[in-house]
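Colleague: Here's the letter readout for the chains.
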Amino acid sequence: MLVRDDIVEYSLDAHHSEEEGKLIRKKIWKVTAILSIITTVEVLVGVFFPKADVSDTMWTLIKWGYIILTVVKAAYIVLVFMHLGDERKNLRYMILVPYILFILYLVFILVTEASYVNDAWEFLK
Amino acid sequence: MAGAHTQQVDASTAWGGKASPFNVSYGKMMMWFFLVSDGLTFGGLLSALGFAKFANPEWAASWPMGEEVFTHFPFTHAHLPLLYVAFMTFILIVSSVTMVLAVEAGHRMDKRGVIKWLGLTVVGGFIFLGSQVWEWSTFIAGPDGDLSTWHDNTTLQHNCYGGTYEVIEDGHHKHTEIKSYGPTLYSNFFFFITGFHGFHVFTGVLFNLLVLRNVVRGVYHRRGHYEMVEKVGLYWHFVDLVWVFVFTFFYLV
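Residue numbers (my numbering), protein chains in the order written: chain A, 5 to 129; chain B, 8 to 260.
To be clear, the hints were calculated from the coordinates, so they are not data collected in a lab.
Everything hinted at is true.
Quick list of the computed label-pair ranges, beta carbon to beta carbon:
id	chain 1	residue 1	chain 2	residue 2	range
1	A	F112	B	S69	23 to 31 Å
2	A	D123	B	F133	43 to 51 Å
3	A	R92	B	I134	29 to 37 Å
The beta-carbon is built from N, C-alpha and C at its ideal position, and this holds for glycine as well.
All chains, full assembly: derive it from the sequences and hints.
Modeller: And the structure:
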């Protein structure tokens, strides 16, 4: 087997003790419960309050509820499961700030442009 | 790959400067950079889905409703909205949990623990992929597998989501047809985005298997740390993260 001694696999902060592990596992199970409960709530709302059966105002509320719950789930996955919450602050911001700014702008501009295109279609009818 | 990697690397060797500015290894930071760009790809695709829906009044009116997209379940013909997709979501959440437990075991240098949890993660990944195969085949070939697709181009010409299936008898032949509604563009987005996500799950399972093989062979134990498990773990969690959004924007909203 070819031995590469120019590649050095190193790691920083890759160890913790038995006691620390216990606490971390407790946190993992707590987040598991939270994610499961949120998903269950989403599914139950989807099954018992489908778009066809509720008023438009109600649907808008449910829709925003879904989006908020989705972001909460995403935050738990990124901050706890991916351990970004435990990383140094500058790494956290370097990853999250550009991403969030860019996505928010993208969603904003596409929704805005979509409404203009939509108006143009209505006008042409 | 040699066994001599318990050697200590001081920060100045690794970074050229005095310390790692972000207190992470090079590999982990690059994995994060990759995930940011991959996240932007999925963000772009899902935003485009929203654009397509809102940009055309006719499409917006006939866009399939989330809960009604997939209403089938194996071994039954009952109308069960969301249930199967909820099952898929739980599988992915649970496999994410087993992954984070594998990472935790790696931090304690618990080789048996890493093998157990990483193995379960791989099993979860396979269950998810199998579920997606069943979902897609139900869409394409109908719940009984007798839908004529290429013959009359049902799948290509119509959107099959949220439609009801009807058995048609023409002469001696019996075939199922979709009484579909909704624009074709919706199907294109559906197949592309869930397919692209499925492809990520597939590569994730592959990475997990490769790392599992190295764990079993003791490569990381000799190296002195299990950071490789952490890196593929980041990718695996990202796959779960994307599904959270796919689930919301295809099956709920």
